[in-house]
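Visitor: So the chains spell out like this:
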Amino acid sequence: MGFRGQKIEMISDALKSKFDQVIAHYPSKRSAIVPLLVFGQDEIGHVSGELVEEIARRVEVRPIEVEETIGFYSMLHRRPIGKHNFQVCTNVSCMLRGAEEIMAHCERRLGIGHKQTTADGLFSLEEVECLGACCGAPAMQVNYDFYENLTPEKVDALIARLKKGGA
Amino acid sequence: MPETMTTAAPSAVTLTIDGKTVTAPPGTLLIEAAKQAGIEVPSFCYYPGMALQGACRMCLVSIEKMGKLQTACTTTVAPGMVVHTENDEVRNARKAMLEFLLTNHPLDCPVCDKGGECELQDAVFRYGAAETRFMESKLHHEEKQFSKLIYYDWPRCILCYRCVRVCDEIMDVNAYGVAFRAAHSEIIPNRGEKLECEECGMCVDICPVGALTSGTYRYKTRPWEMNYTGTVCNHCGDGCKTTLSIRNNEIIRANNRDHSGINGEFLCVKGRFGWDFVNSQERLLEPRVRRNGSQAPASWDDALGLAVERLKAVIKEHGRDAVAVIGSNRTSNEENYLLQRLARSVLGTNNIDHHRTADYASLVGALTAAGAKDRHATMAEIASANSILLIGNDPTQQHPLVALQIREAVRQHGAHLYVINRNRIKLAERQAAVFAEVKNETEALASLIGDSPSGELAALREKLQAESDTVVIFGSEIQGRDVQRLVRWALALPGRTRFVALGDYANSRGAADMGLLPNTLPGYSPVSDVAASARFESVWGGSIPSKPGRNIREIIVDIDSGAIKALLVFGSNPAKTFGVSKETLAKLSLLFVADLFPTETAAMADVVVPAASFAEKSGTVTNLCGEVQALRKTMRKAGTRSDFEILLALARLLGAAWPYRTPDDVLREIVERVPGYSIALPHLLVGGAVPTRPEGAPLALERADLVFSSGDSLFTSGSVSRFSWALNAPEEARRPRGHIF
Amino acid sequence: MSDYESYLKGSPLEVQVISRRFRIPNITSIDVFLAHDGYKALAKALKMKPEEVINEVKNSGLRGRGGAGFNTGMKWSFVPRQSPKPKYVACNADESEPGTCKDRPLMEYDPHQLLEGIAIAGYAIGSHQGYIYIRGEYRYLMDILDRAIAEAYARGYLGKNILGSGFDFDIATHTGAGAYECGEETALLNSLEGFRGNPRVKPPFPAVVGVYGCPTVVNNVETLSNVPAIILNGADWYAKLGTPKNGGTRLFCLSGHINRPGVYELPMGFPLRRMIEEVGGGIPGGKKLKAVIPGGSSCPVLTADEIDVAMDFDSVAKIGSMLGSGGVVMIDEDTCMVKMALRIMKFYAHESCGWCIPCREGTSWLEALLERFHSGAGLATDADTALDVSYNMLGKTLCPLGDAAALPTISIVKKFRGEFEEHLKLGACPYERKAVAVA
Ligand SMILES: Cc1cc2nc3c(=O)[nH]c(=O)nc-3n(C[C@H](O)[C@H](O)[C@H](O)COP(=O)(O)O)c2cc1C
Ligand code: SF4
Ligand code: FES
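Protein chains in written order, with the numbering used here: chain A, 1 to 167; chain B, 168 to 908; chain C, 909 to 1347.
When the alpha-carbon atoms are kept at most 27 Å apart in a straight line, the in silico DSS-like pairs for lysine-lysine are as follows:
1. B:LYS232 with C:LYS1110
2. C:LYS1110 with B:LYS202
3. B:LYS311 with A:LYS115
4. C:LYS1153 with C:LYS966
5. A:LYS164 with A:LYS154
6. B:LYS187 with B:LYS232
Here are some chain C residues the structure puts well away from chain B; computed CB gaps all over 12 Å:
7. PHE930
8. TYR1048
9. ARG1182
Worth flagging that the hints you see were computed from the coordinates, not collected in a lab.
All values reported here derive from a predicted model rather than from experimental measurement.
We put the beta carbon where it would ideally sit given N, CA and C, even for glycine.
Only chain A is shown next, with the shape it has when bound in the complex:
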């Protein structure tokens, strides 16, 4: 068992070599903490206890220092989330163009609320701050993919596609 009794997730060799590459970019290893967390989370799905320890070891800091950083950044998740993370922007530009309706629509269709995950683990939903997609408002990101000029219909189509296993 890892940190806080979580299940230990494996870290792939590919990820490990990516870690080495990233660390080499900086004069100080700890600079790599956030990138490593992000790349690690991309592979594992969340920031696992093992990931924290692995990163701490690699950049030569104590686990608590990694832990401090994690808490600061809103994209890092300490617990598993859904395969498709719907991040709906409701900040001003999007709000003015119907973002709240999009958010409410997602809640209805996915049957979950802010920062929740569907029982099948397929979807998570999150209301997020400005995504830098203001001119394509209302917008959201599903994982790293942008979806803009959203309408409830577009959201429905996307959910249907993702449910079928589309990307």
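On the provided structure of chain A, position chains B and C with the ligands as indicated by the hints.
Guide: Structure of chains B and C with the ligands alone, referenced to chain A:
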């Protein structure tokens, strides 16, 4: 090499604060410059000696020609600067910051541990903002227990980051962090929900509010219901000053919030929490006497009477040399002085010794021989040294204050630390400029000062040659002739050198200084020195035997051989420390023990008397740097008597007429008679630490197994710690000794 | 990437300098870039003295496009060149200011232009390492930049001895992970060093003590993207594109209630009214304009009566707001301004780093207050309390995030006080009522 490197003093800066002309060296922070001018700028996150945060914004002041208010804690003085700390704009800003702080702060002052000594409460009292316009519901988190000794209440936390910094910067433990952000920012411990650390409690102490509280003190009392007495911690040899808070004749808390004394606000886990042995249920509270094989309660008169009766019988039958005395590492100088007087001039024997944990006699002898008797470093001088050579020991575990001084020397002015040790001790890992990891410190010393030191030792020696001011600190690994060699060599280095020997306990140094040794009188004169003996004989009357007595190993052997028939033990547990068997002790006609607890030795005694602890008596102790400080009586423990009282009673029963009424009477005699102890009493009485300059003949150490350290950890303290809840409760107490937090 | 094409609607009023290559197919590939004057500016700069490069940029009147509008050449000149420490260029690609999405096309459609700008900046200040700090959400842009960087290395525009000049320069991308505050330059440096993104006490400024304690120039993506054109065409040419002390063009992101939302490159000082009406095509549904956020959510809002202003740093400042980051958000007559204030405050309360008291407590207090007020449970004193709390934050926080939260609130309470009174009177939001009535 010049003793001090002179750099041209940068010219002072003159500025105006609240209309006063203030001069300060360049680089001085405004908040400090104001303080020097008697102007208090309030602050929470600013803390002298720790990193600047600029977080709490309480110290905002207005500076002419600057658009916005500036934080006095981060702004440095500039020539011609005109500063206002009390205009309307500043006052309003301060009030605003307090109002902000109180928004999510639970206003539970009446039940908060910190009520009455809370910096937030004080600031609101002074600067207003008690009435809030905050109508929203407060954020809440449940209180967390970080460890057995430390609790965290998030809603009360004002995020001044003092705890994080004190743990990182001062303690070098790094057990705290800050997690999350915005209004959800939170202090987190290093092991998930728990702290794993030295449990020094510095974080609790430094917390300006009631967010971090102590597991031993919380909810016990209110600050104004206690009496406060400054005294000296009774654990290790560093001699931290501590203020004991007493309520209903019971110690509730220890701290040093007034920053007085050699340790400032520092206390380690033993100092801050480990005094609770005093309150232990297992304290001996009545004398016990062995009759028909088993111990039974007895009156003081019966117990002392029986002891004296047996002593007299032994002397009569076997002679004075059949009596031996073992003294304590924790009793006061006055008590130690009287104990050896009892042995030498009442019982008439030099068979007196104690568990020597550092070879002070050799250090004093070597320095005297070299004409350098003033080269004992004080605790403060460790922190201000340019360079430190540390041989043996593990100060982080055994001498937390010395370790702190070493870290401060490195942190505050980049001192170089050179470590020679068989273990990868934390100071070696974290602070050392050069670390020579060796098999054995004694051999390493020989190599270091020999013709061709090898490897790291060569590098270390070369660097030391270039240092201007070095404090040499060594443990019990270096003793006897090696101390003499080390001192001779180090004094011949180009720079100035001073010395510290690391003795284990609160009065280890004082025990040696006061002559709890078979071959030296108080102040290290040989017992064979007629003139030195005369110094004492002239006040004690009678004569002091001039033949050295038996050392502790010989005493034990001769108990076994039957040559020693009566043994008096004060505050010591030789059965455990020296592994003296029950069978051996059973051979004695009299085993007399004065102690706080039913130790292994006390269990074998014919007469056991309950002694008073450090908190229950007055006197002085000498720390490992040779600094004398006053113990103050803070409470009474019914049934016990101080060793001073016990010794007085024994002397009387043995027919000696001693003139002392109080420990002060003894101290005056020490000051007058003991070489190097002619200290200024007024300084002592106001709580100061007064350095001594003992001198003595360079006597050879009789054998190699007389000086050794108990190797205590942060959580142990000889035979005492097992009677402390606080030193056993933390998880960390079960870590292997030397574990690095 | 998806719908991004819809951003580049184009307008005949545009003056395309940094966006001039946006529509060229495959411009992200170095060959295409080279065929369109790519890396010519770098070659030219490497033949100039570093001080000459700095002077050229200084004289061009290029001011920081990240928000504060500080003269870029001036900032570069603060780097102590004689310092023995390494020097760094940190490109701020954290673009998180609500209403702002201009750095995105710059990286997506012309990544080499940015790399070229960074390399020139590095040469000018004597640096050998640049970092591009990209907000975590912009992962696809990081991939684009990483590919461009690899190409530039392969062709010798990065790495050792660039174009035989003896100048060595490396660039690496660095991802953030969701924190607006990391766009603040000193917080960015902390984040780049692997710490929490808390800001640092200033002074010292990054140009003197930056990342790893070394002199560091922090510049926005758009700022650096302008550098190659300035070097190629000269300071005068660039300065003349804009207004006095406000050289060149800038990318404006029109969003909110506007017919043609998009990113447009317009000369500095372009009139706001024309921007709304002619470039953006006016307000949808023929509705009336109520307010405009002129440069991202940190700026005080302008009322419909205040839009006759030239969009340059000094002119907008003169009327009490800021040009900021170029995010121009139009707000129509049917919008509740209390709700706007609430949404803006919710953002700052979420993004405050929590380090200093007035920001941490002030933003969360104001969010709760506005939430309660907007929901109809307002008190008569709330508007004044909100004003007062904002003023208590203003100018008293460690970094400007506190101001960024206070300023829009102050402007909304002051300029739309009537809407606050209406909420009080109705015990509900009048606009939500209207919506219900219409539905
Ligand atoms: C809270 C806050 C957030 C900021 N976010 C950004 C940002 O996302 N991108 C950016 O370029 N500048 C941002 N800035 C401005 C930077 O601090 C800095 O001024 C800028 O990177 C300097 O580059 P420039 O001179 O090229 O504008 C922010 C400032 C503050 C106070
Ligand atoms: S103003 Fe203070 S709390 Fe807010 S983001 Fe800046 S430093 Fe952090
Ligand atoms: S004391 Fe200056 S900001 Fe806290």
